[in-house]
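Could you put the whole structure together from the sequences, leaning on the hints where they help?
Counted the way full-length UniProt numbering counts, the sequence shown spans residues 1 to 467.
Please keep in mind that the hints were generated in silico from the structure rather than gathered at the bench.
Just so you know, these numbers come straight off a predicted model, no measurement behind them.
Certain hints may be false.
[What the hints assert, rightly or not] Computed beta-carbon distance windows for the label pairs:
hint	residue 1	residue 2	range
1	Ala178	His38	38 to 46 Å
2	Val129	Gly184	15 to 23 Å
3	Ile224	Trp81	39 to 47 Å
4	Ala122	Ala380	19 to 27 Å
5	Ala387	Arg213	40 to 48 Å
6	Ala387	Thr179	43 to 51 Å
7	His38	Ala331	45 to 53 Å
8	Arg154	Pro327	51 to 59 Å
Cβ atoms here follow ideal geometry from the backbone N, Cα and C, with glycine treated the same way.
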Amino acid sequence: MKTEVRMAYPQTDVAGQTETGNSPSELQVSGRNPTIDHHLIAGSVAVAVLLTGGRWVSHVNVGPLYISDALLCAAFLHAIWSNLLSGKKYGRIHGPGLLIGLLLLVTGARLLALQGDVWMAARDAEPFVYAAIAYLSAGAYQRVSDRGRERTLRMIHGGLLLHLGWMLVATLAPEFVATLPTVGDTRIFEIRTDFDVAVLGVLAGMSILRIARGRIWLHAPVAIAALATGLAQVNRAGLISCCACVLVAAMLRAGRNGRLTGRALLFGATAVLAVVVALPMSPAGQRLLVLNGPTTASSEFEENAQGTKRARLTAWERVVTYTLDDPVRAAVGVGFGPDFLQLSNGDLPIGRGIGVRSPHNYLVTCFARLGFIGLAVVVALLARLVALVIQTVRRGPPDELTSLCVLLVISLLIVALLGVILESPFGAAPFFWAAGILLAGGRSRRARRRHKPEQNTFASSPQEAIV
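Here you go:
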């Protein structure tokens, strides 16, 4: 009789928890059988809706209540009911960490010192308060089963496909979009180029990762359509974000056992070559290339690109100078409510006279609102997220949901440094939702390495063990 000998490796998920099949030792419920939660990850419905429609769907409201706020409030209430009132007991659940808590603490302190228009202050503070979503996603990700994670992934991926669908319609038939009804101060299917192109990059990255699992005939056209639609838009930040997602996805595909295969190198070289060839032919590419010197770009693109660049740099300089002029402002910022752009004379016309309504840089906004104290917390948080992304790429291909979170963090962070993304609900909610999962995963892995608990289940190969 032949005996099959299999190497044993500890099998863990990307959040750092040991997979123990249907009998996890820590998830005991009042002495009964372990609880397996097949629900969606908390907050994922709101994230899917916002990724589907972006800016225009975030303006759907009933009175003062917007759809994103309603969905997130429902998610928090459901989480409270499930975890505090249902009687379920879970093992050690890792939160997103100290930095998220510090950001919320600084935000709360500035709100307590509020003097002026409460409504405007609440509107300014809302995107910072969205950091609390990280607690929601971090805890839920560790509680739900693999089935719950798969359901979450399918729903968000479906939202990304719907987003591609209406983006194609808006790009190919702008006259039709002009006839659609308005939602608030925007129109249904109205493109917000920086955010929407970044979301297309996330879909392209996910499709590239899925090509590795087969069905190239299904996922390759989606990736090509997403990239082509993104290249057709006039936005440099979105284009950079889109290309970054493709690069990260290629690196995740190539990261098997930490080695680059010849096939992966060929795939990466082809992707880079395709971008280089397509870049000068796209509107966004012309705007990007014109910043580096004389090009063949049209005078219209050159004027708009140079005008936008000058206005942004001038606005950033004036906002920073205004904040530094007063020691108190430099330490804790202007808070929420004051229009620091007008106070600093940073509201400048760009291009054809369109006024800059924000500094178009998340770090400059954080410095103006929260001063050096808040900026230090935000920079540390973003640095931690970038480090987690690098570690994930180096470890090798994670599960699809973690890959999605990596792509969301990278794509939205890039456009946030050149646009108004994390200051808006449609950007802040998906970003902090994905950040919570990555941060909790990093803390789980550190705790496992520190305590070195015994592993109960083993994988049959190093490829199955994600450590």
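Kindly indicate which numbered hints from before are broken by the structure, ordering the numbers from low to high. Hint 5 contradicted; others consistent.
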